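Starting from the known structure of chain C, arrange chain X on it as the hints suggest.
Each protein sequence line maps, in turn, to chains C and X.
In this text, residue positions in the first sequence follow this note's numbering: the first is 1, and each later residue adds one.
In this text, residue positions in the second sequence follow this note's numbering: the first is 1001, and each later residue adds one.
None of these hints come from the bench; they were simulated from the model.
Only a predicted model underlies this, so the values are computations on that prediction, with no experimental measurement involved.
Ideal placement from N, C-alpha and C gives every residue a C-beta, glycine not left out.
Wrong hints could be hidden among the right ones.
Stated by the list, open to error - Straight-line Cα separation of at most 27 Å, DSSO-like style, residue types lysine-lysine; simulated pairs:
1) X:K1410 <-> C:K97
2) C:K145 <-> C:K182
3) C:K145 <-> X:K1410
4) C:K182 <-> C:K207
5) X:K1019 <-> C:K145
6) C:K97 <-> C:K182
Unchecked claim - Far from chain C, some chain X residues (derived; all Cβ distances over 12 Å):
7) R1009
8) E1014
9) S1232
10) T1317
As the list claims (entries may be wrong) - Covered by chain X, according to a simulated footprint, are these stretches of chain C (three or more residues, beta-carbon under 8 Å):
11) 78-88
12) 94-101
13) 108-117
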Amino acid sequence: MNDTHRMSDGAAPVIEVRGLSKRYGEVTALSGLDLVVPRGATYGLLGPNGAGKTTAIRMLLRIIEPDAGQIRLFGGSLSQGALDRIGYLPEERGLYKRMRVRRLLTFMASLKGMSARDAAPRITAWLERLGLGDRGEARLQELSKGNQQKIQFVSAVLHEPELVILDEPFSGLDVINQQVLKEIVLDLKRQGRTIVFCTHMIEQAEKTCDHVCILSRGEKVVDGPISDVRRNHGGEYVAIGLEQWSREAVDAVRGSRMVAALREEGHEIAVTLRPAADAQALLEELLGMGVRLRRFERVEPSLEQIFLERVGVGAAAGLTVEPEVAHV
Amino acid sequence: MSRTFTVIRREFTEMVRTKAFLIGTILGPVIMVGFFALQIVLAQSGGGERQVVVVDATGQGLGERVAAALESRSGAESRTQFTTEVLVLGDEDPETLRAGFQERIEADSLDGYLWLPAGAVDGETVVYEGKNATNIGELERIRGAVQVAVQGTRLSAAGIDAARVAEALRPVPFDARKTGAQAASGTPIALYILTYILGFAVYMVVILYGNAVMRGVLEEKRDRVVEVVVSSIRATQLMAGKVIGIGAAGLVQIAIWIGFAAAVLMKGEAIAARFGTAMPELPAVPLSVGLIFGFFFLAGFFLYAGMYAAMGAIATTDQEAQQLQFPVIMLLLPGIMMMTPVLNDPDGAIAVAGSLIPFTAPIVMPMRAVVTGIPPLQLTGSILIVVLTMLVLLWTSAKIYRIGILSTGKRASLGEVWRWLRTA
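Chain C extracted, bound-state conformation (with noise of 0.2 Å):
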């Protein structure tokens, strides 16, 4: 890490959200957000499109001046030195097509109040890992798009932020390269910097994340550390696997009483008891009706079902559970 950087507010969030709101016109896009990301987090911020994602994360870059709230970073306040110590990937991305690669991150980490000298060396290194170590004299428009977005990547992480905000970050992408932003996401976890994902695909920030928010319509519907947010979520849940799907099978399941609700994945069904059930008598009850299974086993509630949950289907529409794979 950097030792340039100030880590003298070590215990403070790095983030510190408090009744954060923005409206366009009579749209409200965000209403009343609070929000802590501790330091080292890796931080899922969650929810379909439109639910208010990137307007507070534009808002945390003072891209756009909340209509009220207030924002902390790193223990003070949103100072240009704070906004130096974060590194940014947005969803909509673009670089200037005509400038020289190694002039374009010159000029990225100058941004972020890097010397050139300073830059330099970095730039080399961070050039050669990704193999593009002979063109940093090609014109950006030169390259091919995942090469583009390659330099992208580093533009945002060239500075060796404490904070990095990938907005997206999988969208567009083709698979080598999510591949690439994978490792490098997991370098910078393993240096302890904190991440902020902001995306749609929730199974995916699942997977990743340790905290999660997610939002709906502008507003939160639940935050916290994951382990949390599944335990204090409430309500059991069971995955069965049926050994040989059948419409009457699933109909079987269905048909129970203490079945609340189920959802059909491929082959499996997971099912969300009503409060009071028991998963035992779910398992006697299936067999006595000669339902046969290969799999019956309790399970936490995965985010989407929580999410589902919260807010009902309409709300979760743009919601993805699977990764999206690039149109590059």
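Relative to the frame of chain C, chain X by itself:
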């Protein structure tokens, strides 16, 4: 400030590295030199020989007098050398003669013929026919020769010595010098050229570099660069850096041109001598004129560049940007339209109004400074109005810019821009 400087440096270096800048920088002086060279070449052109038959039907020797006047080049601006043959009309059939002349003209052994009818001295129309009848300069020479000859014949008939009359009517050489302690002094033509150069310099720089600002903003927005940049610095810093950086590139280009012009002028005598002409007299320009030009040049650029940046932020395509810059040019054009009235009456109502309207002042004020001493109150008023307008426009543009650069999809309506202004 250091971040703004980072943007200034990027805008400047990227601008001066473009082919357009290189070509413009080289082409500017080339066009300048080419323009003046063309003037010299044109002034020297038309120096051919013309073979003309003068048909004299007057019986008063008019043909000989016309021929003598035509062959003499004294006082003539045209370099054409006329050779004449005089034919005193006797019994020949005029139509046969004309047909013969036409044949010779077709065969290129004759350029034309001048027909002096019997009543030429009394006012009958003299006719010239020839293939050079579209050359205004040569026709003027022929008309002048006939005029002199006819007048001489009429004077002789009245018993007056034509040579003495000509001597009495010889034109008086006349020259003029513009004087004034505060304004520039020199020959009218030199001052005329200088005022136009200054006026058009402001106009061209605003149009060319204002456009560069607008295209730069649009490109950042269209290529989605802007969000990353404004996550590191304020949008206003980005706009300021862009305007100053591109403006600085424009200044460098103009400095190169001025340097080139100065170098040419230092060698002016030698260059002029090579073209067989004399170096024109240069005007004397006091420092105050240079300072006024410098101020209004910069203020004019910033005043308009802010508006161009806002237009770039509102537009989403090149075509939209071109349409949006139309109202900006409409604000600038009256300044160009005022150039002639301002030169004719630099202290008149139009000139004073043009100085106090912030959109025309950057063109009008440097012109006035060249040709008149601007009253201090007008100068101060103009500077204040321009600076205030510039600040208000930059502030307004920055508000539009802040939101415009992040809004994609379709071009914002006037209502939306108004909402941006209120909410930003």
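Here's how the hints hold up against the structure:
no.	hint	verdict
1	X:K1410 <-> C:K97	holds (23 Å)
2	C:K145 <-> C:K182	holds (18 Å)
3	C:K145 <-> X:K1410	holds (25 Å)
4	C:K182 <-> C:K207	holds (12 Å)
5	X:K1019 <-> C:K145	holds (25 Å)
6	C:K97 <-> C:K182	holds (25 Å)
7	R1009	violated (8 Å)
8	E1014	violated (7 Å)
9	S1232	violated (4 Å)
10	T1317	holds (16 Å)
11	78-88	holds (count 5)
12	94-101	holds (count 6)
13	108-117	holds (count 5)
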